[in-house]
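Position chain B against the provided structure of chain A, taking the given hints into account.
Number of protein chains: 2
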Amino acid sequence: MDYLGNHLLVELYECNSSKLNDQNQLERVLEDAVRISGATPLKSSFHQFAPQGVSGFIIIAESHFSIHTWPEFGYAALDIFTCGDSIDNKKALDFIESELDVKTVTVTEIKRGNAHFPLKINKKVSAQVGVF
Amino acid sequence: MDYLGNHLLVELYECNSSKLNDQNQLERVLEDAVRISGATPLKSSFHQFAPQGVSGFIIIAESHFSIHTWPEFGYAALDIFTCGDSIDNKKALDFIESELDVKTVTVTEIKRGNAHFPLKINKKVSAQVGVF
Chain A
1 MDYLGNHLLV ELYECNSSKL NDQNQLERVL EDAVRISGAT PLKSSFHQFA PQGVSGFIII
61 AESHFSIHTW PEFGYAALDI FTCGDSIDNK KALDFIESEL DVKTVTVTEI KRGNAHFPLK
121 INKKVSAQVG VF
Chain B
1 MDYLGNHLLV ELYECNSSKL NDQNQLERVL EDAVRISGAT PLKSSFHQFA PQGVSGFIII
61 AESHFSIHTW PEFGYAALDI FTCGDSIDNK KALDFIESEL DVKTVTVTEI KRGNAHFPLK
121 INKKVSAQVG VF
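Residue numbers (this note's numbering), protein chains in the order written: chain A, 1 to 132; chain B, 1 to 132.
Treat the hints with care, since some could be wrong.
Note that the list lumps identical chains together, so a pair holds whenever it fits in one copy or between two copies.
27 Å max Cα-Cα, derived DSSO-like pairs, lysine-lysine [stated by the list, open to error]:
id, residue 1, residue 2
1, K19, K111
2, K103, K19
3, K90, K19
4, K103, K43
5, K90, K103
6, K43, K19
7, K90, K111
8, K91, K111
These aren't lab readings, by the way, just hints derived from the structure by calculation.
Just chain A, with the same shape it has in the complex (with noise of 0.2 Å):
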């Protein structure tokens, strides 16, 4: 394996609002994404804004699920970052878009920690990535 780990990031767009929205819920879907992916949660934490908004994560054995909700906009940026290949990331991602009522998804998968070193690159080395 060239990598460490695997790292979905996901806007998910045209949501259904009231359902970004709800803390609650969003803890109950991404807790069974997490078992649908095959993960191993181990610790937990969501957040409620006022007006609106919910912010969580789900460490996992395998690093982590988190989301991040703009009710206003219908938007939610989903992060789905495994190790191993072991996990379903997809199978997951399709069961949130189903919960979430989401109608366009961009999904942008960055590979993370190269495994092998040394590594020739310069000390500093950044790159800009729209994601639309």
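Structure of chain B alone, referenced to chain A:
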């Protein structure tokens, strides 16, 4: 503002492995980094793995900081996800690099959540980006 969030995906290579395996120290470093960035911490959770490795997460009012460490590789995956334009994520990153004796860093900056709706995109768009 064209985007709702700004996400730095940071690969920290050739770190001090002892520090990467010290949950208490990592909690302090991330909490201090949040403070230095000007962000508002809300909830945090850290987990020590056996035989090695730590995962940690801080929900901030402006999204999150997270870290996953692989001491055996001297590597940590750091995420600094912020919204608004008042958070100094680069200052936080410089501090973390210094505290963990990091020798090699790569940064990928992803804009999260296009603020202009409706979007002229297909149902599902995927992209792969390797971080070296």
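How the hints compare with the structure:
1. K19 - K111: between (30 Å within a copy, 24 Å between copies)
2. K103 - K19: within (14 Å within a copy, 43 Å between copies)
3. K90 - K19: Classified as within; 21 Å inside a copy, 34 Å across copies.
4. K103 - K43: Classified as neither; 30 Å inside a copy, 30 Å across copies.
5. K90 - K103: within (16 Å within a copy, 34 Å between copies)
6. K43 - K19: Answer is both: 22 Å inside a copy and 22 Å across each meet the 27 Å cutoff.
7. K90 - K111: both (15 Å within a copy, 22 Å between copies)
8. K91 - K111: Both: 19 Å inside a copy, 25 Å across copies.
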